[in-house]
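Here is what each chain is made of, one letter per residue.
Number of protein chains: 4
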Amino acid sequence: MKDSAVLLIDCPDRKGLVARVSGLLYERGANILHADQHQDHELGLFFMRVEWAQDGFGLEGFRAVFAPMAAELGMRWKLTWGTKLPRVALFCSQYLHCMADLLHRWRSGELLCEIPVIISNHRDVERLAVFYGIPFEHVPVTAATRAQAEARQVELLARNQIELVVLARYMQILSSEFVERYPAAIINVHHSFLPAFTGARPYHAAHARGVKLIGATSHYVTEVLDDGPIIEQDVARISHRDQVEDLVARGRDLERMVLSRAVRWHLDRRILCYGNKTVVFD
Amino acid sequence: MKDSAVLLIDCPDRKGLVARVSGLLYERGANILHADQHQDHELGLFFMRVEWAQDGFGLEGFRAVFAPMAAELGMRWKLTWGTKLPRVALFCSQYLHCMADLLHRWRSGELLCEIPVIISNHRDVERLAVFYGIPFEHVPVTAATRAQAEARQVELLARNQIELVVLARYMQILSSEFVERYPAAIINVHHSFLPAFTGARPYHAAHARGVKLIGATSHYVTEVLDDGPIIEQDVARISHRDQVEDLVARGRDLERMVLSRAVRWHLDRRILCYGNKTVVFD
Amino acid sequence: MKDSAVLLIDCPDRKGLVARVSGLLYERGANILHADQHQDHELGLFFMRVEWAQDGFGLEGFRAVFAPMAAELGMRWKLTWGTKLPRVALFCSQYLHCMADLLHRWRSGELLCEIPVIISNHRDVERLAVFYGIPFEHVPVTAATRAQAEARQVELLARNQIELVVLARYMQILSSEFVERYPAAIINVHHSFLPAFTGARPYHAAHARGVKLIGATSHYVTEVLDDGPIIEQDVARISHRDQVEDLVARGRDLERMVLSRAVRWHLDRRILCYGNKTVVFD
Amino acid sequence: MKDSAVLLIDCPDRKGLVARVSGLLYERGANILHADQHQDHELGLFFMRVEWAQDGFGLEGFRAVFAPMAAELGMRWKLTWGTKLPRVALFCSQYLHCMADLLHRWRSGELLCEIPVIISNHRDVERLAVFYGIPFEHVPVTAATRAQAEARQVELLARNQIELVVLARYMQILSSEFVERYPAAIINVHHSFLPAFTGARPYHAAHARGVKLIGATSHYVTEVLDDGPIIEQDVARISHRDQVEDLVARGRDLERMVLSRAVRWHLDRRILCYGNKTVVFD
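Residue numbers (the working numbering), protein chains in the order written: chain A, 6 to 287; chain B, 6 to 287; chain C, 6 to 287; chain D, 6 to 287.
Just chain A, with the same shape it has in the complex (with noise of 0.2 Å):
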């Protein structure tokens, strides 16, 4: 994390909200780094982002008269700072694309993030996870072990005060319960066509369609499956040359790029969700 305080506001939209913030972190000395906000005109809501220099500035005197302003105005509020990173449980089954960029990105500094275990029903990136230094928990699942499956993950993420969970190709549906637990809070990836293909097999309903782009879209789970406020998308452009191989292979590299991108907006606390939908402050 860096030495920088950031506050997450939503709330209904009226007069004066950033001239209240503003005009309060002002007073109190605040070294704004960035600001950014945003109004949805349609349901007449406001969304704010403010990150500011830790250095010297009085956090918690902060906090004690900001509380108050805030339940005033209806505002949901978030405010992290600290040198503490937040942690970060990876899942996943055999396909390691994700985490393998993951990983890397996370070693060369890129993911500001403490990666406590990593979790998988397979055991195809135990090597990946030695070889990173990171405790590599197998939990097998299977349609009798499901309910206690979750239950150990639980008690993994528990035990590790896991703050984010991203599904790295992990390819097991989540329970409610499970999903309930980290709202905002679990980050999924999965390929998109135009139009859309349900079932088993995607890349061969998008290859016998002729479709001309493929997609993946990284998006926070909730209880309804790949449903969940849509984080990033990305596209490739494929042709009739193509085999679909080729589509598969095109759709991990989006993946990888998707994936990665949300999970850094996420630890950069650039993400607001509201409704079914996300504000990606840039």
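A hint or two may mislead.
Because identical chains share one entry, a pair is satisfied inside a single copy or across any pair of copies.
Stated by the list, open to error - SDA-like mimics (lysine to any residue), calculated; alpha carbons at most 20 Å apart, straight line:
{"#": "1", "residue 1": "K20", "residue 2": "F62"}
{"#": "2", "residue 1": "K89", "residue 2": "P121"}
{"#": "3", "residue 1": "K20", "residue 2": "G63"}
{"#": "4", "residue 1": "K89", "residue 2": "E182"}
{"#": "5", "residue 1": "K20", "residue 2": "E115"}
{"#": "6", "residue 1": "K20", "residue 2": "L38"}
No lab work stands behind these hints: they were computed from the structure.
Please build the complex by placing chains B, C and D on the supplied structure of chain A, with the hints as guidance.
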């Protein structure tokens, strides 16, 4: 039409197809300008496009020799040549962005065709038609007069010897009977999203869902609405800052581009349809 | 112009800028529709754009209070309001693709401006000008008459109270004197390649070099040719199959898109220039 | 290497080339998997790539008949077959993003080759080399030891029978002598901008100039620095909000993608070089 002959072939794949076709063309002295072939290994199909200079080439003689070979090899084929430009009818309703774009491209020589008629259920396009010197036919459509209107359209197309119908944001549904008259010869354009949205106001739905990409698709019209062989697709990146009207504007730009590309490729005889998909030779 | 006031500010960065501006607007009852700010940490600069409803807001009163504050804080600023549309002159030569695109967008309400004059050194655009009901001025330019032609252009711009000049593929070079009259108020478009090609036939050079992407750039004109602050850029993918004429056609599409976006953003008062670059608020 | 033979041909264009090559293959019973040809009309050149199943095909017999035909027609040609994987050496310096990406793709089967050696003037890559079980050679380079270092590299390449050298962010300049040993067999990647920036800190220059796109290019290395035949290019959109470090991060992602695509296409024997450009068959 350029001064070239184009032969499009599809047939079951087998050894020697390229050798036999190119051998025959060589024998008869063809000066090949462009040749391309494609195999669909899953379906065991072969596709070929050859373009050669007409100048001094005996087309009828070639045709006489080629036809029996094609029959023997189970080929569907289409040989076009001559200097007669293909005849295209443009349909539209009240949105004119695709129309204005197609007409400008036509005037500036990008689209090599005749446009003997513009048909619309509105009068908005009339001035544009007059400007470009194209006969305009107003064919209003209501629930009660649908059959009658279509009969009028069919008559106009027949009288003008139309070979390609371009639906440049034509907002009325065509009957199966109409569609069957023009197999792989009606091109439509519509918006596309990841995920897909159905219903009356897709841009509102896409905005409410917070998608990060919007797209457009051009395709041949078949009896299943918006579900024919895809010719071209493209997308644009959007953000939470884009209002519904911004999405609509970006959508218009995408529609323009993907429709004009589809029409150009069709006129260049670069598209082969099979199953529910296309091969677009480049 | 929408019924809103827009304030654009740039100044040396310091604490409290947002607080002071937004505080003043709040005090005076502004109903803010959109606000955005940006800091250039390397140069220590601050940029802000605020848009608020004009309705019932005392603009002159605000101006009287804001001006001294701005002076104190070393702000360069621009406040635009009212319902008077900005007045734009379009320049072109013989290529009309950008012109046709801009005029259609203008007619359909995408570009909120007046276009009191179209100026060209050719006559090709005249019919289009007549169609859209815009006075056309033919100002031929030769080496011998350059100064005289420019004097005529300057007179036409002055008489029509032009605020923005759009060079829609105008192939003549403007003098420094001309350019200086319209700082950050002349928008041009040109092709761009990776790597760059100089000289008379860049598309031929790009083809000879086998580039896989071609691009276009729109920018404000400064005294250094093609080197002013960049507003927008875009690229298209090409392959070895594309002939020079295909590159030129893709280039035209890119030029259309990046020029029309630049003009729209300028008219929306979303662009701030500093140094040799732009902030384009979204 | 897939169990297929690939024939790459370029020669002066003339009638009957496809007929003769495909005729010969048909005669000898080739089961063609993929065939493609291209004509450069400006230079009067012909290019062809044919891939067919090795199984049961008499390659030596074909070679014996084809060679004289090729000589007669002035063909440069390359026929590759067998199950021996091409041997690739990876070079890098201290930036490992391309390396980590290539190695993961290699391990997961996307890049069909042997990698008998990784060579670097730094030690940063050593752990990665060990993880993937590839011999690592540390060859430091200083101004004083350049010739000696290159001699060592040449020896390592020779001893390992290297057929392709991939410069995965190798920051040292190779001598003309080195480059001449591997014509069209050294692949490099570098950043690309519109406009181009030269000098030591291109990302800083691009940021100062406010470009809206950054790019990367992979190419074969020739004696002119960064100026060999382009294989692949890609760009990413950036905005004024991106700091230099964001540009560098986006640049890394682009470099990864365009380098890995170039290597894959080379290994698939899909690239033909001529003049200073490439044909990349798809």
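- Honestly, which of those hints from before does the structure not fit? Checked against the structure, the hints that fail are numbers 4, 5, while the rest are satisfied.
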